[in-house]
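K.L.:
Now for the letters of each chain:
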Amino acid sequence: MRIVVIMRQLADLVEELEVNDEASDIDREFVKFVSNEWDEAALEEALCLKAVLGAEVVVCALDEPDVDQTLFTALAKGADRAVKLTGHDPEGWVRGRERARIFAAWSKDNPADLILTGVQAADDLDGQTAGLLAGMLGHPHAAVVVGVEVDGIGMRVHQELGGGIVGESFLGLPAVLGIQAARQAPRYASITRIRQAMQTQTIEEVALDPIVAQRVATVRRLYQPERQSGAQMLEGSASEVADQIVELIRAKGLVRG
Amino acid sequence: MGCAVLVVGEWVVGEIPDVTLELLGKGRRVAGELGGELGIVVQGSNIDLSSLGMADVVYHVAHASLEHYAASAWEEAVMGVVEFVDPKVVLVSTGTVGMDLAGSMAVRLDATLVSYVLAIETAGDSVVCTSQLYGGKLLAETETDQFPLVVTVIPGSFPAAEGRTGGSPRSEVVELDDRLTQVGARPIAVHEPEVAGVDITAAPLLVSVGRGIGSEANVELVQELADAFKAPLSASRPVIDQGWLPKPHQVGKSGKKVTPSVYLSFGISGAPEHLEGMRGAETIIACNTDPHAPIFEVAHYGTTIDLFDLVPEITERLGG
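If you're matching them up, the sequences are chains A and B in order.
For the first sequence, position 90 (counting from the first letter as 1) is numbered 90 according to my numbering, and the numbering increases by one without interruption.
For the second sequence, position 95 (counting from the first letter as 1) is numbered 95 according to my numbering, and the numbering increases by one without interruption.
Calculated from the structure, these hints are not laboratory results.
Hints should not be assumed to be uniformly reliable.
[Unchecked claim] Straight-line alpha carbon distances no greater than 27 Å define the calculated DSSO-like cross-link-like pairs of lysine-lysine that follow:
#1 B/Lys230 - B/Lys247
#2 A/Lys50 - B/Lys247
#3 B/Lys257 - A/Lys252
#4 B/Lys257 - B/Lys247
#5 B/Lys88 - A/Lys252
#6 A/Lys84 - A/Lys50
#7 B/Lys230 - B/Lys257
#8 A/Lys32 - A/Lys84
#9 A/Lys108 - A/Lys84
[Unchecked claim] Output of the computed footprint for chain B on chain A, the stretches with three or more beta carbons under 8 Å from beta carbons of chain B:
#10 2-9
#11 30-36
#12 79-88
#13 141-147
#14 162-171
#15 197-206
Built from N, CA and C at the ideal position, the CB exists for glycine as well.
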């Protein structure tokens with residue numbers, strides 16, 4: 001069995017994001033790029049399936065800032081191969097439809113039994129990779145997946161349907177799954193192991209012809225939302241703010257003693 | 001034949017979900033502006049026609065593969081209706097059903113897809129959508145005049161009440177047995193949530209922790225505060241996905257909806273999915289170092305003081 005995990009880099013949401021002068025994209029110059037956290041869950045699920053089934057796990061990502069770090073980390077965690085696709089502008093916003101087209105082009109020459117990727121990414125304006133890619137490859141698919149078991153010639157998947165309800169269904173292979181959470185928290189790779197992977201393993205680079213995605217809505221303006229009047233900010237030192245918070249909660253009768 | 005807007009109904013279990021009513025209400029307006037009818041596609045046998053009065057036509061597809069939920073079967077059912085109706089705009093939520101169906105359908109229909117939409121307006125021959133990106137930190141205004149257009153809408157963006165009224169729609173059964181029998185996916189079951197030891201929905205005070213806590217070891221700091229308040233500790237999704245707290249502690253779309261008297265949050269930026277689960281709290285007090293964090297829009301009181309400085313101070317005042 002061959003499992004492909006599609007990963008990507010994304011602006012770190014912990015940091016403040018600025019918009020470029022044209023208001024067409026984020027200002028990418030000073031942004032820290034990190035691995036999309038849901039892709040890390042997809043990788044974890046793939047590695048768990050590998051442990052059960054003896055599958056080959058191939059991670060595949062577009063060339064994007066600091067993607068080598070993500071790919072070597074995946075190798076250190078136990079992925080068998082890492083592939084980096086080039087041919088697009090690695091410094092720009094690769095729109096979702098284009099991203100999916102690139103992976104579809106690569107997948108046609110590199111078929112997998114199962115393709116896993118993160119359920120979503122924070123800039124998925126054109127839809128999520130799993131559904132788009134499944135449509136392009138003609139594969140069955142499922143999103144918001146929180147459980148995967150192999151069942152004969154197919155898989156049983158568990159999907160969150162909101163409010164804690166989980167839908168269980170069967171689908172045939174090959175399939176594409178958008179992973180919300182793996183069966184366990186993503187494993188940790190030590191710096192030593194990542195360095196070891198860098199010294200002993202390589203990232204395979206594959207150059208593809210540039211793809212111009214059709215059917216993409218034009219971004220007229222990207223902007224920060226107006227702050228709603230919203231919260232009254234508590235002023236002062238940590239000690240003074242702590243006093244105010246305790247008083248607010250005491251006023252509700254919720255501080256005992 | 002010939003609806004301008006088609007809404008994808010999203011019943012899986014229970015009542016008609018609010019998001020379907022929200023889409024019907026908004027769909028009514030968009031259909032009017034585009035000069036056509038409003039249709040809704042409903043799957044399975046769990047249908048209450050009387051609640052769909054806002055639509056002009058209800059397209060009903062029934063098949064064994066549509067009971068419960070299997071993504072590819074639902075997709076085939078909606079595709080069958082879309083091909084029959086040929087709408088200009090298809091509306092579905094940015095929930096599981098929308099994430100399942102929208103991408104694949106848009107590719108198969110050669111349609112434009114716009115996701116995470118909060119607002120839709122028509123402008124002449126174009127549709128202008130406003131989408132929420134980067135966890136609510138940025139908005140993107142897009143324009144397209146290419147139809148068909150598939151739009152996935154964030155639940156809660158439009159009032160459900162506007163989809164609740166209306167007349168009595170025509171009902172059409174769309175026969176798709178041959179297509180649905182060939183789908184290689186089938187539903188197995190729907191599992192209701194586990195009854196857990198901790199019930200965060202019942203507590204008058206919740207102390208809640210998010211990504212900003214940084215590591216599992218740090219969770220103890222906020223747990224001590226929760227213990228000092230004798231309140232349960234809840235969390236946003238990143239903390240649960242990391243395995244730092246068990247699933248029954250999760251607040252948000254894929255966790256629990258909570259309405260405590262006071263919701264005291266630390267290191268939660270307020271992704272839309274989280275806000276959906278806690279904005280009904282009577283008083284929200286939020287601590288986050290990013291002054292632009294979306295949580296401050298729904299919070300009543302806020303502070304940007306580092307939680308690692310603030311939490312021990314509060315715990316100390318409670319004698320913890």
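K.L.:
None of the hints should be skipped; say for each whether it holds.
P.N.:
A quick look at each hint next to the structure:
1. B/Lys230 - B/Lys247: 20 Å, holds
2. A/Lys50 - B/Lys247: 25 Å, holds
3. B/Lys257 - A/Lys252: 21 Å, holds
4. B/Lys257 - B/Lys247: 13 Å, holds
5. B/Lys88 - A/Lys252: 52 Å, violated
6. A/Lys84 - A/Lys50: Distance of about 21 Å is within 27 Å: holds.
7. B/Lys230 - B/Lys257: The given pair, whose Cα atoms are some 20 Å apart, holds under the 27 Å limit.
8. A/Lys32 - A/Lys84: This hinted pair holds, its Cα atoms lying about 20 Å apart.
9. A/Lys108 - A/Lys84: 16 Å, holds
10. 2-9: This one is violated; 0 residues, fewer than the three required, reach chain B with a Cβ under 8 Å.
11. 30-36: Contact hint for the region 30-36 of chain A vs chain B: violated, 0 residues under 8 Å.
12. 79-88: With 0 residues in contact (Cβ-Cβ under 8 Å with chain B), the coverage given for the region 79-88 of chain A is violated.
13. 141-147: Contact hint for the region 141-147 of chain A vs chain B: holds, 4 residues under 8 Å.
14. 162-171: Satisfied; 10 residues make the cut.
15. 197-206: Coverage by chain B is violated for the region 197-206 of chain A (0 residues, Cβ < 8 Å).
This entry does not satisfy hints 5, 10, 11, 12, 15, going by the numbered hints stated previously.
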